[in-house]
Amino acid sequence: MYLIMLSKELMAASTRPLLLTILKRGESYGYQIIQDVKHLSGGTLEWSDGMLYPVLHKLQKDGCIQSKWVVSEEGRKRKYYSITETGLGELQAAKAQWLSIHEVFAKIWGPTPQWAME
Amino acid sequence: MFELEKAIKEWKRRLRKNSGYEDGDIEELESHLRDRIEALEAESYTAQQAFDIAANEIGDVNELGTELYKTTTTKSYLDTSAAMNWGILGSFVKIAQRNLVRNKLYSILNTTGLVIGITSAIFIYLFIQNELSYDTFHEKANRIYKVNRQMERPEGTELVGITSAPFKSGLESEFPEMIEMAATLGPGDGVVSIDDQNFMESRLYMADKNFFQVFTYLFIAGNPETALVEPYTVVLSKETAQKYFGDENPIGKNIIIDGEDSFEVTGVFEFPEGAKSHVNFDLAVSIITFSDYNFYNQWGWNQVHTYALLSDGVQLSDIEPQLPAFMDKYFGENMAEMNRRIDLSLMPLEEVYFSNHLAFDWQVEHGDKTVIYIFGIIAILIIVVAGVNFINLATARSVSRAKEVGIRKTLGAQRLILFTQFMSEAFVMAFFAGFISFILVYFLLPPFEQMIGTSISINQFSPEILLMTFSILVLTGFLAGVYPALFLSSFKPIKALKEKISFGTSQVVTRKGLIIFQFAISSLLIIGVSIVNKQLDYISNKSLGFQPEQLLDISLNNSTAQSNILQMLDQLKTIPGIEEASVMSGSPGGFFDNYSFDVEGYEDPLTMSTLFIDDSFSEVFDLQMVTGRDFDRAYSTDSTSAIVINEKAAEFLGWTNEEAIGKEIRNVFTDEHPRFVIGVVDDFHFTSLHHQISPLAVSMAEDYRNLVVKVNAENISGLLPQITEVWNNFSPLYPIEYRFVNEQFAQLYESDTRQRKLFFAFSIIAIVIACLGLFGLATFNAEKRSKEMGIRKILGASLSDLLISFNKEILIVVVISFFIAAPVTYFLAEEWLQNYAYRISNSMGNYLIAGLVVVLLAIVTVSYQTLKVAWMNPVDSLKDE
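Residue numbers (this note's numbering), protein chains in the order written: chain A, 1 to 118; chain B, 119 to 999.
It is possible that some hints are incorrect.
[As the list claims (entries may be wrong)] Okay, the calculated bits of chain A under chain B, using three or more residues with CB under 8 Å as the criterion:
1) 17-28
2) 57-63
[To be verified] Here are the simulated DSS-like pairs of lysine-lysine, each with C-alpha atoms no more than 25 Å apart in a straight line:
3) B:Lys-188 to A:Lys-58
4) A:Lys-68 to B:Lys-130
5) B:Lys-130 to A:Lys-77
Keep in mind the hints are simulated off the structure, nothing from the lab.
Glycine residues also receive a C-beta, built at the ideal position from the N, C-alpha and C atoms.
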């Protein structure tokens, strides 16, 4: 398996739905979310950990997610994020868009493009 | 050795330096960092490796800060539809805050000026309110009038504050419809004995049974309506009762006054908290106790204050026309004898405290309305100067923000948002200043009270003060914000970004106008201060015509001392260091009688001040006889048929000093036969220099009220124990009461001195604020013109050329303001100097010096900035851009 580096623009566009998807599974905090992203992408999405936070904050500001401070058992303060109705809505919309784009690319980059058969 | 905690701390410090991080961001990232480090350590990395990897993974802290900043800020300017909700107000305040922090000098200058201004204004307001609160606590205050006598004198009409006791019943019986009741209060003092303890009470007054019905004092024991009905009863203040009897119930207890009579305590009153009164007493004995005394029965024996409580609905104008007839009826004989008319006049209670022109207003506390006006005006001036400053600086500085406006507009900010933005900046600063002022007032109140010599009973957090301050802040904030808000927000973005924005002519004119205004006020105050100082110095240094430092005035306050006076004098004169001792009726710097005289060559009696004395008086005062001689015991007739007058009296009576000798003068009240003038003495100031020296007639008579001792000036305090010992031999019950005559005179100018201090302080404040403003503008100008200066310098301008070119503008403005202020000040100074019989000339010199001071102040204020620019290497000012 070889490493695919995503372009900056694509990263920026995809991070929001990605985070929303992770949070849809249940509330989580920054570090954990990063671990999930790394795990899920198998290293494809390599970004500095810190850059996750501006996106989280922006999502919160737009009302897609909400946050609360929780003190863990070992006494560490963590900010937990969870998805809101708005967030679910946005995720739905994003999912539809990404899937339709995916479909287009799948069609044209598929094993035999239809136009090539003519 | 690597320390993880230290490393984390250091890392956090780097985060904190970046302003993009909001509260909580750093905490969140720290928790992330720690989680990661733990995970890495579990994979058996060392702490240092774990930290480095974790920190590296989080990424560049500055880049991250910028990203975080974007998520919180930019939105407001781009998304105008959401902009005008309330939430945005918070972001305006935040931006305002950031702008203010970024421009520290400007913010400090501007807030300091406003803080000083508001603080001073609050203080002055407190002072004025305090003065106006006198006598307002009485429930019937608006119906209470003080009864004064009005006398015609050669100098004009004179109001006399004291009356005799019969006025009370006279007024009550003559005007039963109009006067509900009248009350009497007689100032006095005495020694109170309880068991073996003696207390000298200087505020032991006599009051009649009506007093506590007319005036509202809170009785905590006894009945105000009946307390003083019986003879030999006394009412005590709460503090006095506590002093005498501790926690015991004082009602029914007896106290002995002056070692003679026993008085029963029938009431204890409390002064309402914070209440101020023109009369203050600790004990009030029933005046009816003294019904056999002269003052109680004789109309001409003036010793008490009389008050009239008008019936509900009766106006002063209803009763006034009938007062002359009243006086004719009861006082007619006296008036005929004296050949002068005396009338009654009723003074509303609210005016009593301010009637400091009243003669013989014994033991009455007075304020000065002029002072209130002066300080009211100063307060307004200070607040206006501070406000003008604030506005001026805000506007001047706003020009440098034209680019910011251009960028905002390009990014889509609407005019309304920009308007709100500038407004909120001005308001944030104004309200911050207000807040600081309130804290300052709170802490500076005690020293201020000390300075004005009275305690202030008004709360600084009273609604009026809050409202006043709030209005000032809103007005200042609004005026300071409105101009930049309207002017700057109207820029076309392209213009703001491409061109240099400068003020239009009208703005420059307005700004200069404001500086002229400020400096006119400053000039006015500087000239004012210098004139007030000169005048008061003049008075306190003017020779009185005798040496008050050497004189000690002992009050002969009891009959024992008076009857033993001759022996006392003899003993005193044996003390080495005492040069002379004399007994007299008047007190230097204090009270002198006025009597009517039949004078040779005049049909009608004339009034002059009088002094009755035991024998030689010229020696004790060190006075020179101009012509004739002083009294001499060797001439037995001197005590009955000789009189000495001062030069002023000779002039008043139309004689030359030589002509006066041998002329006949008779004191209408005290002498059966005329006396012959045996000498004319030098004029000397026996009363305050506020007044002209009055004509004075001195004669020998046994009217012993004051013992004046002339001592060796170096030794005056050292002699006190010996003098006191002699006193105690002859007057064992009464403690000695002495005054240094120079202090007595100083006291006459106490209110002047206090006013001088206050006036000085507040003037300094106004000037400082004006200079702060000028400094701010100079800074702004220097910034703006630094390139111009650089070019001039390159082209060969010398330092002085630069200074001239830079200061010319400001100097012109200051000079104009001075010429506006000078005539106004001249007029005001003329008015003020009229208060003094002996005054400095209102000469041009004062004005020139003050003008010079103002110009110098202005130059010093701007020179720091000017020099900074002038010394700057032109390369530095020209290279950027």
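Hint by hint, here is what the structure shows:
no., hint, verdict
1, 17-28, "violated (count 0)"
2, 57-63, "holds (count 3)"
3, B:Lys-188 to A:Lys-58, "holds (9 Å)"
4, A:Lys-68 to B:Lys-130, "holds (22 Å)"
5, B:Lys-130 to A:Lys-77, "holds (16 Å)"
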